[in-house]
Each structure stands twice: as C-alpha cells, then as structure tokens.
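Model the full assembly from the supplied sequences, consistent with the hints where possible.
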Amino acid sequence: MAERNIRNQPSEDLPVRKDEPQVLIKDLWKVFGRDPKRVLKSDLREKSKEEIQKKTGCILGMKNINLSIKKGQFYILMGLSGSGKSTLIRNIIRLVNPTAGSVIINGQNVTKMSGEQLLQFRRKTFGMVFQHYGLLPHLTVLDNAAYGLKVRDVPKGERYAKAMRTLETVGLKGWEDYYPGSLSGGMQQRVGLARALANDPEILLMDEPFSGLDPLIRRQMQDELVELQEKLQKTIIFVTHDLHEALKLGDRIAIMRNGEVVQEGTPEEIVTQPADEYVQEFVQDASPAKVLTAGSIMEPAKVLLYAWEGPKTALTLLLSNKRKAAFVVDKNHKLLGVAKDESLAKLLDKGEYIEKIPQSSIRTVPTVSENTILEDMFSIITHNPYPVPVVNDDGRLMGVVTTDQIFESITPAEGDENG
Amino acid sequence: MVEFPEMIDIPLAKAIDAGMEWLLTHLDGFFDAIGFVILQVVNAFEAVFLFLPWFILIPLVGLAGWKLVGKWKSGIVFMLLLILIGSFGYWELAMRTLALVIASVFFSLLMGIPLGIQMARSDRTQSILQPILDAMQTMPSFVYLIPALMFFGMGKVPAMFATIIYAVPPVIRLTNVGIRTVDREAVEASQAFGATPRQVLFDVQLPLAKPSIMVGVNQTTMMALAMVVMGSMIGAKGLGMEVLIAISRIEVGQGFEAGLSIVILAIIIDRITHSFSEKK
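So the protein sequences, as listed, match chains A and B.
For the first sequence, the tail end lands on 517 under our numbering, and the numbers increase by one without skipping.
For the second sequence, the tail end lands on 282 under our numbering, and the numbers increase by one without skipping.
Read the hints as simulated data drawn from the structure, not as lab findings.
What you are looking at is a predicted structure, and each value in this text was computed from that prediction instead of being measured.
Treat the hints with caution; some may be incorrect.
[Said to hold, decoys possible] Within a straight-line C-alpha distance of at most 30 Å, the following computed DSS-like cross-link-like pairs (lysine-lysine) qualify:
#	chain 1	residue 1	chain 2	residue 2
1	A	Lys-332	A	Lys-222
2	A	Lys-429	A	Lys-444
3	A	Lys-332	A	Lys-260
4	A	Lys-329	A	Lys-248
5	B	Lys-212	A	Lys-254
6	A	Lys-248	B	Lys-212
[To be verified] Distance windows between CB atoms, simulated:
#	chain 1	residue 1	chain 2	residue 2	range
7	A	Ser-507	B	Asp-125	53 to 61 Å
8	A	Lys-329	B	Phe-204	56 to 64 Å
9	B	Phe-278	A	Gln-215	51 to 59 Å
10	B	Phe-38	A	Glu-266	56 to 64 Å
For each residue, glycine too, the CB sits at the ideal point set by N, CA and C.
This is the structure we're talking about:
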C-alpha cells in the first residue's frame, strides 16, 4: 500500500524532463479469453498468435510490447487490422486492461491505479479522438466540444468559453449550435478533435482519426494537424494503417504485426532499413522522396569561394577544380550565393584591381533546410543548374545536394527488383 | 405408446404448494405492505382520471395526438374514437381501465428500467435474467393469477400484480439491448475523458438507448392493457369485466362494444407511446 502511494504521487511532484520518456510501456501483454494469465505462465508465451489460439482458445492481442515515447513526440502505431494497434492505444488509457506489464506515464504507473485515481488521471492527462468520431448525437457541437470539461465539473460559462476557443482552432466557428448528424464526416472529426483539445491534455490519443474520411479531406486534416502540432507541441499517439499518413505525420513509427512490434524507428529508418519482409512489403510502395531529407543525403561543398577573396583568386580556384561556378560564403560561413567563372572573368577583363568579389557578381540561389524532404526539392532542381545548397536557420551553408544524389537515393537499391 | 416410467417423479407441484404455504404464513405482512402501496398508486391514478371530465380529457388527447404523433388528423381521429367509447356508455369503466394500465406501467418501468440497466452492465445478470424473462412471457397468464389472488385477495391489486409480471419483460429486454448496442466509441469517448460509470450512463448510454427503451415502454403498455382485461377475472373493475359479463350472458353486441372500447384505448396508447421512440 505504501509503495503504491509513492508510485502514484501526482505528476506535479515528478516533473518530466524533456529527454525523459513521458510514456513508457514495459513488457505489456494482452490476451483475450478465459483465464488469460495461464497463457503467460506457461511456455505458450513464446508461441505465435495462431498456436496460442489453437491450443487455448485465447486470442493474443499484444505480445510483450516495449515502447518509450518522449514528450512532444508525434508517435505512430502502424499495422494492419488485427495487429494490436488499437488494443495498445486502449491499454494506455486503460479502456482495455492489460493482462501483464505496465504503462508508466509521467512517472506514474497507470496499470496500478485504482478506479478513482484512474478517472482523475484520465481527466487531466488525456484527450482522445476516435475513428467514427464517438460524438454524442443528442448534444450540439458546442456541448460535444465541452463534454470533457463537463465531466470534470467545470462551470458552464468557463466550459463553453473554452469549447468555443477550441472550436475556432479547428475551424468550426459558427457551427456550434448544429447537431453532429448534420455535419460532414470531416467536420464531425473536427468536433472530435476540438473535444479532445478543450481539456488541454498533455497526451493526445488518436485512433485512426482520418481513416473514415475521403482522401482529399484526409490530406487536408493531416496538414492541419501538423500545423496544429507545431503550435501545441503535445505528445500525440496516433494509430493508423496508412503508411503514407504515418510517414507524413510521425516523428517515430512503431510497426505492429500479430500483436508484436516488429520495427520501431524514425520514418527514414523504416523506409531505408526495413527490419523484415513484413515491413519491407509495407514500405515497398512508399516513395523515399517523401521520407528522405536534404540533411540526410547532403555532402560538403567541394569548392567554396570566400567573399573576402579577390576575383583573381576565385577564378584560379574554379579553373584548378575544373568548375564553372561555386558557392560564395562570408566569414561566418553564411551563404551569399553563387559566382560564375564568366562574371569573374569579366571583372578581370576590365583590368581594375578589385579587392573582393563584388555583390553584383554573386547570384542568389534557392536554398533548402536540412528537414526539407526530397520531393519538395524536385521543382528547385528542374529550374536550377547548380547543386542545391542546404542552409540552417542562420543561413549558414551546411552542405550541398546534387541532382545525381537525389536520383540515386530515390532509386530502389539493387536486389529489390525481385521482390 | 410407451409409458413414461412412474418411478421418475419429481414432485415440483408439491414443493411449490409448500413454498406458497410458507410465504403466506411468514411473509403475510410483507405482501400486505406491497398491496397497500400498489393500491394507493392505482387509486391516485383512478382519482385523476375520474376527476377529469370527458370534455377536458378528449381535447387533451386530441392535442397529444396532434403534437406528438405529428398529424392533426390523428388528433381528430383520437377524439372521435373516444367519443365512441362515451357513446357506448363505457366512459367511467374506460377511465378505470386506463388508470389500472397506467399504474401497472408505472410500476413496470420503475422496476424494468433499472433491471435492464443492470442487465446491460453485467453478462452474468443477463444470463440469469434471460430465462426468467422468457418464463414470465410464455407462462399462461392464468398461472400467476391464482398466486396473485392468494397473496392479495380479490380486486385491483392482484390484477395489477399479475399485469406487472406479464408486462415488465419487454422494457427490461429493450433497455438491455438498447444500452448494449450504443455506439462503442461514444461510450469509450466518455470514459476516456474520465467519466464515472454514472456519468457514462446518464450522458451517453441512456440518451442513445432512448429510442430502444421507448419501444420497450410501448410494448409494455400494450401488454399491460391486454392483461388488465384478464385481471377483471379476479375482480378488477373495468372494461374487461364488462366483456366477461357479456360472455357469461351470451350478449354478443355488448361484448363487442366493450371489446371495441379496449381496442380504441390500445390504438391511442400505442400511437402516442410509439411517437416517443421515433423522436430524437
């Protein structure tokens, strides 16, 4: 009892540092059926889902899941139906109780919480969005959005004020007096999102929120969610079966199959180094151009001109490297643009002595950041003969990406042709 | 024909008789108390319906027909039908029957809805209640008219007791089914926000199950009306007794008038309670 009290101290006493996991899932199992514990005690626990079902009639929902999710992370649980992803997200909030293992959130063991503790914890920690919206058809949009606050006994005025604000955030201003039934699917899901955000939860749980929407609306909602997350910086746990959605939204992805996590990593790792055939199959139609970033394939610039060098030095440098042009940086390594041999030669032809490369001879070029995905660079490389410079927020030149590099990295590796 | 061996003899009838004997001697006060409460309620309803003059009640029903069923034509038809009952000379008896029905429905809902909720919440309760409900509905109603008579004597109370037992299953069943078929995600959403089981019940389950529960209320009311007619056999005054008298005297016309009055009450009550289940 004493131990339990210590473990379940309010989260205010245990502030979570940015680098610490906010959600820690340890050895989590879920077996559906009669007397599920017996499956875990016997050697059946090493067997596959099919074998367990055949021998005991129990259905394995989740097998020994271990995950760690950091604060502010957009975390994706991906898999086909029956892979256990929905079971897992429901275990985190204990809509389904795990058979064994623990879920630790903000240092508190959720699996050990008693009924009342759990209710309080849900109220202040979570917001949840559902695939079929889960709205209350007999309440207006405003009352639906305010529902989480009503559960917490927030006074009516404050409740509606907060709900109005979140409805505005999701773009539903003016719809508050309608009933959910008269709204389109996309708008209903916005109500669901507003309801989840009205509580200002630390963790947002989203169970296939966009799967029921048609593709155009889905893409739009994804974009808006990305924008919203930029502002809110919540920890989001997002379930999907759509790889493109996962790659687009996720900071990290856990791929599940038959109740097990088969691979966990960044979108880039998943696409470039699939752990097994299952993941391989999953990602084979994923375009690396949507995943790989400029930062991941850039190389240092081979030839660099410095702004304080004279045109003569610069031209010599270009000639000796058999280059027609090169990037120019200042003494802080900030990119100024590109200088071509013709324009430098022209300066020298005039015969005047020039101390440094004049501004007029430097042409500015489009730049990208390290996080730009390759797909977004296609339009630059078609209009621009130079390699694409990659700069950081201060404008410093970090590296360059050539057209060849781009095409090399988006072409499937050898050996893939058979598969 | 091969006879069933006589040595296999389970004396259920004797056991039940003994049980009844025991109940009657030991729980007499308990049944008296129940009977007293039932009587007070039915008398209150009867007082209201007998107090309301026909020229107020008929327009009220007409208004209900118009507003609830949604067509003004229904209101007119309801009023004409009630006038027909009055013209048969059965107004007072119809009011007594109505009071009996409404009081029975009142008790049925008082028991049935909480039981239905309990049944929806626990699979065990459901598996226990299911066969009991089946028995209550299929057992010939005369079978419990007799014990009702033994517990409460003649009159309205045993008639209502029998009516409640006969009429309560549909509302229990449909409350159970209604709650069990509520959108799972709506319930989960409520739970995810930290709602207590009570909040889930009143915010989500009952409102969303309302159409189904109202169908149950409708069916319970119709069954109560059917049973109240049987109840006249053990002394409940009303239209049923009139039918009974007519049958014993072989007065076909009078029997038909009384029977038609019951049908009219049934139609009006059905349409009005049915309208609740269709509305959102």
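Cross-check of the supplied hints:
A distance of roughly 13 Å separates the Cα atoms of A:Lys-332 and A:Lys-222; the hinted pair therefore holds under the 30 Å criterion. Taking the CA atoms of A:Lys-429 and A:Lys-444, the gap is near 25 Å; set against the 30 Å cutoff, the hint holds. Distance hint between A:Lys-332 and A:Lys-260 is fulfilled; the C-alpha atoms sit about 18 Å from each other, no more than 30 Å. With a CA separation close to 25 Å, the supplied pair A:Lys-329 and A:Lys-248 stays within the 30 Å bound.
Using a Cα cut-off of 30 Å, the hinted pair B:Lys-212 and A:Lys-254 holds, with the two alpha carbons roughly 25 Å apart. For the suggested pair A:Lys-248 and B:Lys-212, the alpha carbons sit about 21 Å apart, so the restraint of at most 30 Å is met. Restraint check, A:Ser-507 to B:Asp-125: a C-beta distance of roughly 56 Å satisfies the suggested window 53 to 61 Å. A hinted range of 56 to 64 Å for the beta carbons of A:Lys-329 and B:Phe-204 is inconsistent with their spacing of about 35 Å.
Between B:Phe-278 and A:Gln-215 the CB atoms are about 40 Å apart, so this pair departs from the stated range of 51 to 59 Å. With their beta carbons about 60 Å apart, B:Phe-38 and A:Glu-266 fall inside the hinted range of 56 to 64 Å.
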